[in-house]
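Using the hints provided, position chain B relative to the given structure of chain A.
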Amino acid sequence: MNAGTNAYVEFEGVHKSYDGETEVVRDLHLSVQEGEFLTLLGPSGSGKTTCLMMLAGFEAPTRGAIRLGGRTIHDVPPRQRDIGMVFQNYALFPHLTVGENLRFPLEVRGMDKAVAAERVRDAMRLVRLEGFEARRPGELSGGQQQRVAIARALVFEPRLVLMDEPLGALDRRLREEMQFEIRRIQRTLGVTVIYVTHDQQEAMVMSDRVAVFNRGRIEQVAAPEVLYEEPERPFVATFIGDNNLLRGEVVDVDGDYCQVDIGEHTITAFLVSPRAVGDTVVLAVRPERIGLADEPGTYGNEFVVPISDVIFLGDHLLVRATMGEQGDFVVKIPNIVGHGAVLPGDRVRIGWTATDCRALVPDED
Amino acid sequence: MKAVSPGSRGPTLRALGLTLPLVAFIGVTFLAPLAAMLVRSVYDPVVADALPETLQALAPWDGEGVPSEAAFAALASELVAASDARTVGQVATRLNRVESGLRSVVTRTARRLRNAEINPDATTPWRDAVVSVADAWEDAGTWRAIRRAGERVTPRHYLNALDLDQGAHDEIVRQPEDLRIYVPLLVRTLVVSTSITVLCLLLGYPVAYLIAHAAPTRANLLLLLVLVPFWTSLLVRTTAWIVLLQSRGVVNDLLVTAGVIEDEQRLQMIYNMTGTIVAMTHVLLPFMVLPLYAVMRTIPSLHMSAAASLGASFGQAFRRVYWPQTLPGVGAGSLLVFILAIGYYITPALVGGRTGQLISNMIAYHMQQSLNWGLAAALGGILLACVVGLYLLYDRLVGVERMRLG
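Protein chains in written order, with my numbering: chain A, 1 to 365; chain B, 1001 to 1406.
For reference, chain A alone in the conformation it holds in the complex (with noise of 0.2 Å):
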C-alpha cells in the first residue's frame, strides 16, 4: 500500500515543540488507513496525546503537515474539523442531562429536532444506555460515563474519531469489557478511530496496527502480534511484552544470521537489519522461547547458568537465572513439569533457537 494516496490521516515530517528547544514530536510520519482501528502507545510525555491534540487542531505542529481526506487541515479550527473526540475524563458536560450532552453537537450544527432526537435514539442504543436520557452524568457509574462519551463523539457521525486514554479511570474488570466494547462499535460502524494509550494490552486487544511512541518518535508501526513477533528496535522489544535483553558485539556475520560476543559465550542470533562484524547489537529473548535442555543439542543456543531464583505463577514457573556480566535473565516454564522440578542455586542447561534471538540496533541515549 502507498502511504500518501489512498491515506485517510496523514502525518508528514511533524514537529511540535512548545518552547521552542524541546521537541516533544519529532519528525512523525504516518498514515492512518480509512476504517482502520490506529493505537498510539507509548509510556507518558512520548509525545502521543500531542500528535491526537494536533490532529483535532487544540495544538498547531511546529513544522510538517497534517491531511485529513488529502486536504492539509492546519488552517481549519477544531469546531470545522468533523472529528469525534473521546477525552481522558469524558469532559461530559455536568449541567446537561445525557441527552442533552448527545445532542449537543447536532444542536450546533442546527439539526432539525425530530431528526436529532432519532440519532440520539440510536447512539444511545449503540452503547447500551437506552432510558439513561434523563440521568446527569453525575448519576452514572464510570464505565455508563465512559458509553455517554463515546456516544456524543460519534452521533454526529464524524468519519475520525480520536480517544485519548478513555479507559484509564476505569478499573480493570470494567477496562476489559469496554476495550471488547469499543472495538464492537467501530467494526459496527467502520469508523476510523485513533486511539492512543499506554497500557500494552489494550492495544493489542482493539488495533489493527499499533504505532509505538518512544520520545516524540514513532519507533515502530505494525499489527500487534508483528510487534510482537518481529520488534525491530530494544525500546519494542521490551516494552511489548517481556523481554530479555543482551548487549553484545557482532563477530560474524552469515546471511540473516550473526555471531555475536556477549561476554562468556557466543550466540547465534536473527539479524533484524544489517550490520557488520564490530558493531554493537542488542540480543532480545522472550522469556517463553527460552526452555530448559534436558539433552545438549535440543536449541541452537544453550548455556549452563546458575538459578538464583523461582517462582510460582500456576500455569507457569518464573526463572531467574544469572547470565555472566549481563546480570539477571528470566525464562518462563510452562507447568508441565511440576513444581520443585527447578530449585534456586541449581545449575540448569538453558537454550533457544537462533530465529527466536533477534539482534536489534541499540537504541541512541
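Calculated from the structure, these hints are not laboratory results. Among the hints, a few may not be true.
Said to hold, decoys possible - Just a sample of chain B residues kept apart from chain A, beta carbon distances all over 10 Å, derived:
1. 1015
2. 1320
3. 1373
As the list claims (entries may be wrong) - Pair ranges (Cβ atoms, derived):
4. A:125 to B:1023: 56 to 64 Å
5. B:1023 to A:141: 38 to 46 Å
6. A:184 to B:1300: 24 to 32 Å
7. A:63 to B:1300: 24 to 32 Å
8. B:1016 to A:141: 52 to 60 Å
9. B:1194 to A:63: 47 to 55 Å
10. A:94 to B:1243: 58 to 66 Å
Every residue, glycine too, gets a C-beta built ideally from N, C-alpha and C.
Quick look at chain B alone, frame taken from chain A:
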C-alpha cells in the same frame, strides 16, 4: 444495640462548648442590636410615659374641635413635670415629627407654665391660659398629634420611611410630592446597587476567568492583584479616587493634556453619582471575583475543548457549556455585591456629594443629626426586608445550597 458508645458524646459536647464564645459574641454584637433596632422602629414610649393623664383625658375626645378642660389641665401639669424631669425636649421633638411646628409650641408652653407666668384661676380655665401661649392649642390637629405620638406601638416610622402619612381619621395617605424623599432614595439605592452589581459582573467575570485558567504562578500573581486593594484601607482607596477623579485630578488633567476636552470643560466625576458608582464598583469588585473564581476553578478547561470538538463555536460553547456552570458563582457574587451595595455608607458619604447619596447615608443622618432613631430603624428594617427578599428569590431561582463563596 446502640452504635454510639456513651463516651463518644463527650467530644461533641466539648466541641459545641468551644463555639459558645462565638455564639455569645454574635448574640451580643449582632442579634441583640438587630432586635433592638427592629423594636425601636415600631415602639416609642417617650410621649406615652410623659403625658399619660393627658392621653387618658383625650381618649373620649372625638377628634373634632377642642378637647375637654380636663385634657388641658392634665397637659399643663404633665408639661411642668416633664420640664422638671428634663424630658420635655424629647416630647417636643416627637410631637414635632408628627406635626411640624409643634416643637416650639410645646417648649414655649412648658417654659411659661413652669415659670408660673400663666396661672389659671376661677375666671380663666386651663384652656384659655394654655391657648394664650399659642393658638395651636385650639387646633384639633395639635391634639390629634399628641394622641398619635402617644401610641407606644406605632407604624408611624415605617409609614414615614415609605413616604406615607396618617390622615385625620387614621387613613393612610401619600405625602405630598415635594415631601417624598425616602421612596425615591430607596429606588435610587436599588438602581445604583443593581448597576454596580452589573458593572462588577462585567468587569469581574473576565478577570475571574483569566485567574481560574492561568498557569498556577501567574494565577497567584493575578489573585494577589485582586486582593491587594482588598487589604488596603477603605479610606485610602476612596481618597485615591478623589485624587484621580476630581476636577483638577489626574484623569481630567490627562484628558485636557491630550486635548480631548477643553480646560473649562473639565468633567465632574466625583461628588456626584458617577463618583459613587466608580468608587463602589472598585471597592466591591473582589466580592464578585472571588466567588466566580472559586466556581470557575472547578470547571475543567477541557469542557471548552470538548465543545469545540463537537462543533460548537466559542460563543455557543460559552453560552451552553461554560456560562451555565458558572451560575452558582454569578449568583453568589451578585448577591454579595448587591447586599453590600444597598447598605454601603462610607464611600457615598465621601465621594457622593449631594446627588450621590444612598439610603444608608440617610439612615446615618437620622442616627447622628436628626436623632430620629425610630425612623432610622424603620429605614434599616426596610433595607433588611429587601435583603431577605432577595435571598429568598435567589434560593428560589438558583438554590442557596449551590452557592459557593470561595
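Going down the list of hints, with the structure as the test:
| no. | hint | verdict |
| --- | --- | --- |
| 1 | 1015 | holds, 32 Å |
| 2 | 1320 | violated, 7 Å |
| 3 | 1373 | holds, 48 Å |
| 4 | A:125 to B:1023: 56 to 64 Å | holds, 58 Å |
| 5 | B:1023 to A:141: 38 to 46 Å | holds, 43 Å |
| 6 | A:184 to B:1300: 24 to 32 Å | holds, 29 Å |
| 7 | A:63 to B:1300: 24 to 32 Å | holds, 30 Å |
| 8 | B:1016 to A:141: 52 to 60 Å | violated, 39 Å |
| 9 | B:1194 to A:63: 47 to 55 Å | holds, 54 Å |
| 10 | A:94 to B:1243: 58 to 66 Å | violated, 47 Å |
The structure shown violates the earlier hints numbered 2, 8 and 10.
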